[in-house]
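Asks: Residue-level listing of the chains:
Protein chains: 2
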Amino acid sequence: MSVDQIVSQQQQIISQLINTWKTQSQAIGTFLDKYENDAYLNEIAAGRNRAVYVFGHIVSASDDMLPLLGFGDRLHPELQELFSANPDKFFPEIPAVAELKSYWKVINEKLAAEFLGLSPGDWLDRHTRVSVEDFAKDPARNKLNVLVSRTNHISYHLGQLNLLNIKK
Amino acid sequence: MSVDQIVSQQQQIISQLINTWKTQSQAIGTFLDKYENDAYLNEIAAGRNRAVYVFGHIVSASDDMLPLLGFGDRLHPELQELFSANPDKFFPEIPAVAELKSYWKVINEKLAAEFLGLSPGDWLDRHTRVSVEDFAKDPARNKLNVLVSRTNHISYHLGQLNLLNIKK
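For the record, the sequence lines run as chains A and B.
Residue numbering for the first sequence follows the working numbering, beginning at 1 and increasing consecutively.
Residue numbering for the second sequence follows the working numbering, beginning at 1 and increasing consecutively.
There could be a bad hint or two in this list.
Treat identical chains as interchangeable: a pair holds within one or across any two.
[Claimed, not checked] In silico SDA-like links for lysine to any residue, alpha-carbon gap of 20 Å or less:
(1) Lys-137 / Gln-16
(2) Lys-167 / Arg-48
(3) Lys-22 / Pro-139
(4) Lys-167 / Asn-49
(5) Lys-137 / Gln-11
(6) Lys-89 / Lys-137
(7) Lys-22 / Leu-116
(8) Lys-22 / Asp-138
(9) Lys-167 / Tyr-35
(10) Lys-167 / Ala-46
(11) Lys-137 / Ser-15
(12) Lys-110 / Val-132
(13) Lys-22 / Ser-149
(14) Lys-22 / His-153
(15) Lys-137 / Gln-5
(16) Lys-34 / Asp-134
(17) Lys-167 / Gly-47
Quick caveat, the hints were computed from the structure, so don't treat them as lab data.
Sequences are here, hints too, so could you generate the full structure?
Replies: Written as structure tokens, this is what we have:
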């Protein structure tokens, strides 16, 4: 097999992984189009997180991918305290579903655009929260791993969101 | 970059994806070690699937990877009707949690062993449920995509299982 063929295979693998991330993100979008925005103020199950919180948590995790992958600062640093560092109902007020939806759209567009600028070698390079020394010990702590694990993180919470039971 | 370096990168990517699958599967195992087996007869949320059914569904999906990836027949073809083709509570009796755990262990060991036998080229080859013609139109319908999407499928249901609320 020629170098070109192997490079092309490698690019295919990475573009498949980006597509899986997109597909899971789109499934969240589909879920959010299912009901009126107020429906997402309900808990996904009795005594559990509200759907709006779970969604905010996903938006926060995606926003966090920007600094983690070296694409710049978070667009909405306030989401960290609201949806990542603290549990649901810790703050009396959180952003509305419509607001989170608009953040989510811009964050995903920025991520998708930045992804296109990374070569396979860049994807296998360390993410910004691992030191050179630690990365040398475990080369799997790379940017591709961030993409894959954050995709699974979306799937994890999508499974929970889909339990939301609203009578239309 | 030399051919050897690119091939080694490719192998690294694939082994990372296999490891992500293993990590998600292990997280299911950790969840199943949390309570006594009888606890998993409870619903994950009021009126929703029982944990034992969700687990059986994951075992069935993993067993199905054997024929889908060309590794041979399902080890437990009966799981298809019980946990994939029909909803929870459709059958008055389903296998016990302990039984499903033992199936799951053997299936995962077989999958992990078979994975080691695939080259990067094999991973990018079509899975057994897509025709040569359809695969030519969409080369992403390959074995690697099965691995990645089934890993996300495990994460999806893991998120649901972790809602199970048992007072110890």
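Asks: For each hint, tell me whether it holds in the structure or not.
Replies: Evaluated hints:
1. Lys-137 / Gln-16: Classified as between; 15 Å across copies, 27 Å inside a copy.
2. Lys-167 / Arg-48: both (18 Å within a copy, 15 Å between copies)
3. Lys-22 / Pro-139: between (25 Å within a copy, 18 Å between copies)
4. Lys-167 / Asn-49: Classified as both: same-chain Cα gap 19 Å, cross-chain 18 Å, threshold 20 Å.
5. Lys-137 / Gln-11: For Lys-137 and Gln-11, only the inter-copy Cα distance (18 Å) is at most 20 Å; the intra-copy one is 26 Å.
6. Lys-89 / Lys-137: neither (40 Å within a copy, 49 Å between copies)
7. Lys-22 / Leu-116: within (13 Å within a copy, 28 Å between copies)
8. Lys-22 / Asp-138: between (27 Å within a copy, 17 Å between copies)
9. Lys-167 / Tyr-35: Within one copy only: 10 Å inside, 33 Å across.
10. Lys-167 / Ala-46: Both ways: Lys-167 and Ala-46 sit 15 Å apart in one copy and 15 Å across, limit 20 Å.
11. Lys-137 / Ser-15: between (27 Å within a copy, 16 Å between copies)
12. Lys-110 / Val-132: neither (27 Å within a copy, 36 Å between copies)
13. Lys-22 / Ser-149: Both. Shortest intra-copy (13 Å) and inter-copy (12 Å) distances satisfy the 20 Å Cα cut-off.
14. Lys-22 / His-153: both (13 Å within a copy, 15 Å between copies)
15. Lys-137 / Gln-5: The answer is between: 18 Å across copies meets 20 Å, while 30 Å in one copy does not.
16. Lys-34 / Asp-134: Neither way: Lys-34 and Asp-134 sit 44 Å apart in one copy and 32 Å across, limit 20 Å.
17. Lys-167 / Gly-47: both (18 Å within a copy, 14 Å between copies)
Hint check: violations occur at hints 6, 12, 16; the rest are consistent with the structure.
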